[in-house]
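Number of protein chains: 2
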Amino acid sequence: MLRCKYIYSGVSMNKVPVAISNRHIFLSEEDTIRLFNTLNVPRQKTLGQEKYYAYEPTVDVIGQNNYVIKNVRVIGPPRKKTQVELLFGDCVKLDIKPYIRQTEDIKGSPGCVLKSKYGQAQLNTGVIVPARHMHANYEDAEKMGLIQNEFVKIRAAGDRALIFDNVLVRIDKYASLAFHIDIEEANAANVKPGQMLQILK
Amino acid sequence: MLRCKYIYSGVSMNKVPVAISNRHIFLSEEDTIRLFNTLNVPRQKTLGQEKYYAYEPTVDVIGQNNYVIKNVRVIGPPRKKTQVELLFGDCVKLDIKPYIRQTEDIKGSPGCVLKSKYGQAQLNTGVIVPARHMHANYEDAEKMGLIQNEFVKIRAAGDRALIFDNVLVRIDKYASLAFHIDIEEANAANVKPGQMLQILK
Chain A
1 MLRCKYIYSG VSMNKVPVAI SNRHIFLSEE DTIRLFNTLN VPRQKTLGQE KYYAYEPTVD
61 VIGQNNYVIK NVRVIGPPRK KTQVELLFGD CVKLDIKPYI RQTEDIKGSP GCVLKSKYGQ
121 AQLNTGVIVP ARHMHANYED AEKMGLIQNE FVKIRAAGDR ALIFDNVLVR IDKYASLAFH
181 IDIEEANAAN VKPGQMLQIL K
Chain B
1 MLRCKYIYSG VSMNKVPVAI SNRHIFLSEE DTIRLFNTLN VPRQKTLGQE KYYAYEPTVD
61 VIGQNNYVIK NVRVIGPPRK KTQVELLFGD CVKLDIKPYI RQTEDIKGSP GCVLKSKYGQ
121 AQLNTGVIVP ARHMHANYED AEKMGLIQNE FVKIRAAGDR ALIFDNVLVR IDKYASLAFH
181 IDIEEANAAN VKPGQMLQIL K
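Protein chains in written order, with this note's numbering: chain A, 1 to 201; chain B, 1 to 201.
Just so you know, not all the hints are guaranteed correct.
Copies of the same chain are indistinguishable here, so a pair counts whether it falls within one copy or spans any two.
Pairs of lysine-lysine residues, derived as DSSO-like cross-links and limited to a Cα-Cα distance of at most 27 angstroms, are as follows [unchecked claim]:
hint: 1; residue 1: K173; residue 2: K81
hint: 2; residue 1: K153; residue 2: K201
hint: 3; residue 1: K70; residue 2: K80
hint: 4; residue 1: K81; residue 2: K107
hint: 5; residue 1: K192; residue 2: K93
hint: 6; residue 1: K192; residue 2: K107
hint: 7; residue 1: K15; residue 2: K153
hint: 8; residue 1: K70; residue 2: K173
hint: 9; residue 1: K143; residue 2: K93
hint: 10; residue 1: K70; residue 2: K45
hint: 11; residue 1: K70; residue 2: K143
hint: 12; residue 1: K153; residue 2: K192
hint: 13; residue 1: K201; residue 2: K15
hint: 14; residue 1: K81; residue 2: K97
hint: 15; residue 1: K81; residue 2: K117
hint: 16; residue 1: K97; residue 2: K70
hint: 17; residue 1: K115; residue 2: K97
hint: 18; residue 1: K93; residue 2: K70
These are computed hints drawn from the structure, not numbers from a lab.
With the hints as extra help, turn the sequences into a complete structure.
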């Protein structure tokens, strides 16, 4: 690390495992019923953050230009508002303005159409590209000196080395320690799920 | 920039415009004839680096698993060796190990099949994911204090702010000043073609 000694002063040696998300959807109860005819949608598997689960059936996302991204994963349980988290590249294909926001911050975001074999939902808003963030529980946060809603930098080493800036810290009692990025961010850095990356404070 | 004052000491204020590449192919003369039946392939347009041009016809890339990426752009003039530059995500789809290398550094890289309406080429090697780099001519390089083959860092600001590390500097008499990244890297940083990014030395 000699070449870095003037660049990264005050480096923390705390590390966080990477979790990589693909495009996915959270549905409101109303849209769950519109698209699946029931609130008891069959579940697929448990995700890393244990309070969430994936539904078996998927939905198609249709853009302003009628381009279709098929078989997009839906995550339960239902939320107050439907939220479609896409990759930046998906938005380009669908002709939807990429709106980079933290989860649930959908105010002013564009819409799209969701379609399943049971029905469809016309969204006026709710499409975002997820902003990078990390999860920690209270114990991890205290150990690492992380503060709720602060921004940290996270460094990936290797052939596509880079430093992710603007990483929001989200502390929650039930959180598994994880740095959440999407597939494009992971590919840009050549990092794999579970790989330990260094938090720079 | 107050929050950065202990992090980036010795910052250079030199800036470089972004050039974003999609997947593309350079063909050897032999493979050009195999795929297009001629060396006089119709040309499409002039690219940023003026000694290169795009051919009108495209080819399909076929992976180990028979997955096909259709209509991939081919860049002329022919090179000594055929080289297929893919996105990291393409390699995952094609079941080809992503091999991140600078252009022409194809030793040990995996192969694939290229197919056109005229014929096909079976490559044993030549598939890489391009390693990020920047181009400068001698005048730019002198002005900015850039040295041939050194590595610099380049910072993108904004909602997906990050610092690209390991950016190889390639100085050439005919080069247009440009920081070359691929679509996934550009999307990860939310940067657009031509956007000026800061070089950190």
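Results of checking the hints against the structure:
1. K173 <-> K81: within (23 angstroms within a copy, 56 angstroms between copies)
2. K153 <-> K201: Both. Shortest intra-copy (6 angstroms) and inter-copy (19 angstroms) distances satisfy the 27 angstroms Cα cut-off.
3. K70 <-> K80: Within one copy only: 24 angstroms inside a chain, 41 angstroms across chains, cut-off 27 angstroms.
4. K81 <-> K107: Close inside one copy (11 angstroms), not across copies (51 angstroms); limit 27 angstroms.
5. K192 <-> K93: Classified as both; 25 angstroms inside a copy, 15 angstroms across copies.
6. K192 <-> K107: between (32 angstroms within a copy, 24 angstroms between copies)
7. K15 <-> K153: both (11 angstroms within a copy, 22 angstroms between copies)
8. K70 <-> K173: Answer is neither: 35 angstroms inside a copy and 47 angstroms across each miss the 27 angstroms cutoff.
9. K143 <-> K93: Classified as neither; 43 angstroms inside a copy, 39 angstroms across copies.
10. K70 <-> K45: Answer is within; shortest intra-copy Cα gap is 20 angstroms, inter-copy 33 angstroms.
11. K70 <-> K143: neither (42 angstroms within a copy, 50 angstroms between copies)
12. K153 <-> K192: For K153 and K192, the Cα distance is within 27 angstroms both inside one copy (18 angstroms) and across copies (22 angstroms).
13. K201 <-> K15: The answer is both: 11 angstroms in one copy and 26 angstroms across copies each meet 27 angstroms.
14. K81 <-> K97: within (20 angstroms within a copy, 40 angstroms between copies)
15. K81 <-> K117: Within one copy only: 21 angstroms inside, 49 angstroms across.
16. K97 <-> K70: both (19 angstroms within a copy, 26 angstroms between copies)
17. K115 <-> K97: within (20 angstroms within a copy, 34 angstroms between copies)
18. K93 <-> K70: both (13 angstroms within a copy, 16 angstroms between copies)
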